[in-house]
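Visitor: Single-letter residue listing:
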Amino acid sequence: MATVSSPYADPDREAFVDTVRQFTERELAPNVHQWDLDGEIPIHLYKEAAAIGIFGDGFEAAYGGHGQRDALLRMGMLQALAMAGSGGLIASLLSNYIGLSPIQRFGTAELKARVIAPCLAGDAISALAITEPGGGSDVARITTVAKREGDDFVVNGSKTFITSGMRANFITTAVRTGGEGPAGISMLVVDGDSAGLGRTKLDKMGWLASDTATLYFDDVRVPATNLVGEEGAGFSMIVNNFNAERIDMAAQSIAFSRLCFDEALAYARDRQTFGKPLAHHQVIRHKLVEMDRTIRANQAWCELLSWRLNQGDDPVAEIAELKVAATLGFEFCAREAAQILGGASYLRGDTVERLYREVRVQAIGGGSEEIMRDLASRQLGI
Amino acid sequence: MKVVVCVKQIPDPADPGEIDPSTKTLKRDVKLILDESDSYGVEMALQLVDGDGEVVLVSMAPNNEVLAMGADSAILVSDEALAGSDALGTAKVLAAAIKRAEPDLVLAATESSDGYTGTVPEQVAELLGMPSVTFAKEVAVADGTVAVKRQTEAGYDDVTCPLPCLVSVTAGVVEPRYPSFKGIMAAKSKPVDEVGIADLGIDAGAVGWAGGGQEIVAIEPAPAREAGEIVEDEGDAYERIVSFLEELKVI
Ligand SMILES: Cc1cc2nc3c(=O)[nH]c(=O)nc-3n(C[C@H](O)[C@H](O)[C@H](O)COP(=O)(O)OP(=O)(O)OC[C@H]3O[C@@H](n4cnc5c(N)ncnc54)[C@H](O)[C@@H]3O)c2cc1C
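Sequences listed follow chains S and P, in order. First residue of the first sequence? That's 1 in this note's numbering, and the numbers climb one at a time after it. First residue of the second sequence? That's 383 in this note's numbering, and the numbers climb one at a time after it.
For the record, the hints were derived by calculation from the structure and aren't laboratory data. Some hints could be false.
Derived pair list, reagent style EDC-like, types lysine to aspartate or glutamate, alpha-carbon separation capped at 16 Å [said to hold, decoys possible]:
(1) P:LYS570 <-> S:ASP12
(2) P:LYS519 <-> P:GLU436
(3) P:LYS564 <-> S:GLU353
(4) P:LYS570 <-> S:GLU60
(5) P:LYS631 <-> P:ASP496
(6) P:LYS413 <-> S:ASP18
(7) S:LYS47 <-> S:ASP152
(8) S:LYS204 <-> S:GLU353
(9) P:LYS384 <-> S:GLU60
(10) P:LYS572 <-> P:GLU462
(11) P:LYS564 <-> S:ASP12
(12) P:LYS409 <-> P:ASP496
(13) P:LYS413 <-> S:GLU14
Stretches of chain P that chain S covers, calculated by requiring three or more beta carbons in the stretch to come under 8 Å of a beta carbon on chain S [unchecked claim]:
(14) 446-455
(15) 485-497
From a predicted model like this one, the values you see are computed outputs, not experimental measurements. Glycine is no exception: its CB is placed at the ideal position from the N, C-alpha and C atoms.
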């Protein structure tokens with residue numbers, strides 16, 4: 001039966017998403033539970049993902065990127081990867097997107113060749129370090145300092161909750177090079193093997209396959225050539241980065257909601273209670289429809305905003321609102337799926353069990369619900 | 383070296399669609415994908431050529447996936463007269479298309495995952511007057527000769543054969559690569575030689591429903607699996623399993 005797809009459909013994009021789907025089904029989905037137990041994903045995955053082009057969206061072809069930015073392609077790719085049922089896997093495997101994007105936009109050709117190229121080839125890993133033990137939401141108040149000494153910056157302070165923090169070779173770090181407030185912030189790429197850099201791994205509730213670390217900078221010397229863009233331009237880079245990170249997280253949250261729905265529907269059709277399949281009880285059917293309609297609405301919105309990004313629009317407020325809608329929708333779907341699965345959803349290794357725990361970080365990381373609403377209200381003049 | 387790979391587009395085995403009761407064949411009106419068993423031949427061809435030569439895909443349906451994996455060009459035979467072609471009809475068309483490419487080596491899968499006749503590659507070889515080697519699990523080419531490890535029930539035969547020849551490969555011989563983003567974009571500008579059967583010098587009466595020497599008389603659903611025998615281990619389970627397998631003549 002021929003189905004009418006979306007107005008955004010494009011054969012090349014579909015071909016790429018198909019590849020990512022096959023990769024996910026064969027190489028990722030069967031292993032995500034083991035990687036949760038391991039507390040990390042295997043290093044060889046970076047090479048495999050790189051060969052397919054999973055890291056390349058928005059990066060120049062000269063450094064191994066796609067030579068184009070396509071928000072719809074990125075959405076489709078993330079949603080295909082999400083079908084493995086592990087947000088931690090995506091967060092760590094794709095930390096390149098948040099770590100490298102400021103360098104792609106504002107870095108020198110020398111810095112791009114040295115940092116972006118090996119990361120896109122799967123030979124190195126990058127991370128983005130903004131959040132500090134003192135706080136993550138109020139980015140303008142970070143306290144990690146970088147003092148210029150000759151040809152170097154000397155960095156002191158610490159960062160926490162840093163995804164891929166334990167294994168990153170390059171850490172794109174927000175530092176204070178000037179006075180108080182947003183104008184004093186710069187972006188500096190810290191090499192992973194710098195003397196004076198300490199790392200400790202954090203034990204978490206979810207995203208178990210993703211290594212998350214606290215980083216300590218103790219007189220870390222960083223060559224001034226590692227400065228990304230202008231001194232004092234760091235805050236706008238962070239804000240810019242957040243937009244893409246947020247729609248990426250929304251797209252994943254919607255896909256995870258769909259996965260919760262799929263798991264719940266399959267279970268409801270199979271599981272018998274009171275002499276008939278669960279799905280034959282109206283209460284359960286209505287739960288499934290509520291999930292489905294939430295997911296469809298968010299998906300349609302996410303596609304529209306991705307399309308608008310491709311047209312050169314910058315819908316900051318709506319992306320913030322979408323992130324709220326997508327993570328609330330995910331929270332709802334994970335809960336309802338868990339109700340439908342009953343005790344089975346409480347067993348480690350179950351997809352819904354994992355997603356139920358992972359909801360929390362989707363609703364907090366990259367800008368929490370509260371901060372997203374606040375941003376939207378200011379942008380919309382409410 | 384020039385290698386031709388024969389590939390087929392089939393309905394996704396996970397969602398194959400319906401069978402047309404009048405033709406007793408799959409309707410094929412669902413999304414078609416590259417037959418997985420063909421992906422091994424494609425990978426083998428890409429590895430054998432390794433940038434030094436050419437991989438040409440021959441197919442009776444458009445197939446961008448193989449071009450995206452790295453094949454250099456395609457010969458695509460499309461003609462309304464082909465509908466309903468049986469194994470020999472298909473072989474005639476493929477053989478004529480392959481001839482245009484003048485390959486050193488032709489690779490094909492052992493059998494397709496929808497029709498499962500497992501006869502097309504050998505018929506193609508016969509029509510081309512080429513030697514053929516079946517069930518290859520390893521293929522190496524040197525000095526105008528192909529060396530094949532040919533899978534047998536007990537192990538494998540070492541077979542050598544002069545080029546040009548046709549080799550059919552088994553599933554799992556190599557790990558097929560995933561089409562990459564770059565490959566997908568590059569595929570768009572690769573040459574596709576689209577031909578009809580007249581271009582190949584084939585008469586419409588020799589292929590399709592008209593030329594079919596084979597008729598599907600009836601189709602039946604596969605019988606439901608019968609309940610197996612559960613062997614409880616009381617220390618002698620292995621003996622009972624071994625004698626059961628011996629009875630089936632599988633060991
Ligand atoms: C698993 C994981 C991975 C992460 N990865 C990274 C990473 O790679 N790089 C990185 O830099 N950061 C990372 N983070 C950090 C994340 O971005 C922060 O946790 C997030 O920005 C919130 O900051 P915070 O935790 O310090 O909360 P706080 O800023 O202390 O806020 C606490 C709570 O108060 C609310 N709140 C704060 N201000 C207001 C206000 N004005 N009005 C109303 N409510 C308010 C917030 O919504 C939040 O719920 C990660 C976090 C997690 C959990």
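Visitor: Does each hint fit the structure? Answer for all of them.
Guide: Hints, one by one, checked against the model:
Annotation: proposed proximity of LYS570 of chain P to ASP12 of chain S holds, straight-line Cα distance about 9 Å (limit 16 Å). For the hint linking LYS519 of chain P to GLU436 of chain P, the alpha-carbon distance of about 22 Å lies beyond 16 Å, and the restraint is violated. For the suggested pair LYS564 of chain P and GLU353 of chain S, the alpha carbons sit about 37 Å apart, so the restraint of at most 16 Å is broken. Our distance criterion of 16 Å between C-alpha atoms is broken by LYS570 of chain P and GLU60 of chain S, whose separation comes to about 20 Å.
Among the hinted pairs, LYS631 of chain P with ASP496 of chain P is inconsistent with the structure: their alpha-carbon atoms are about 28 Å apart, more than 16 Å. For the hint linking LYS413 of chain P to ASP18 of chain S, the alpha-carbon distance of about 12 Å falls within 16 Å, and the restraint holds. The suggested pairing of LYS47 of chain S with ASP152 of chain S is violated, with an alpha-carbon distance near 32 Å, which exceeds 16 Å. A hinted pair counts as satisfied when its Cα atoms are at most 16 Å apart, and LYS204 of chain S with GLU353 of chain S qualifies at roughly 15 Å.
Simply put, LYS384 of chain P and GLU60 of chain S have alpha-carbon atoms about 33 Å apart, too far for the 16 Å limit, and the pair is violated. For the suggested pair LYS572 of chain P and GLU462 of chain P, the alpha carbons sit about 24 Å apart, so the restraint of at most 16 Å is broken. Proposed proximity of LYS564 of chain P and ASP12 of chain S is supported: the alpha carbons are some 10 Å apart, at most 16 Å. Our distance criterion of 16 Å between C-alpha atoms is met by LYS409 of chain P and ASP496 of chain P, whose separation comes to about 12 Å.
Of the supplied pair hints, the one linking LYS413 of chain P and GLU14 of chain S holds, its CA atoms being roughly 12 Å apart against a limit of 16 Å. Coverage of the region 446-455 of chain P by chain S holds [criterion: at least 3 residues with CB-CB distance below 8 Å; count 3]. With 0 residues having a beta carbon nearer than 8 Å to a beta carbon of chain S, the region 485-497 of chain P misses the requirement of three or more and the stated coverage is violated.
When the structure is compared with the earlier hints, violations turn up for hints 2, 3, 4, 5, 7, 9, 10 and 15 and for no others.
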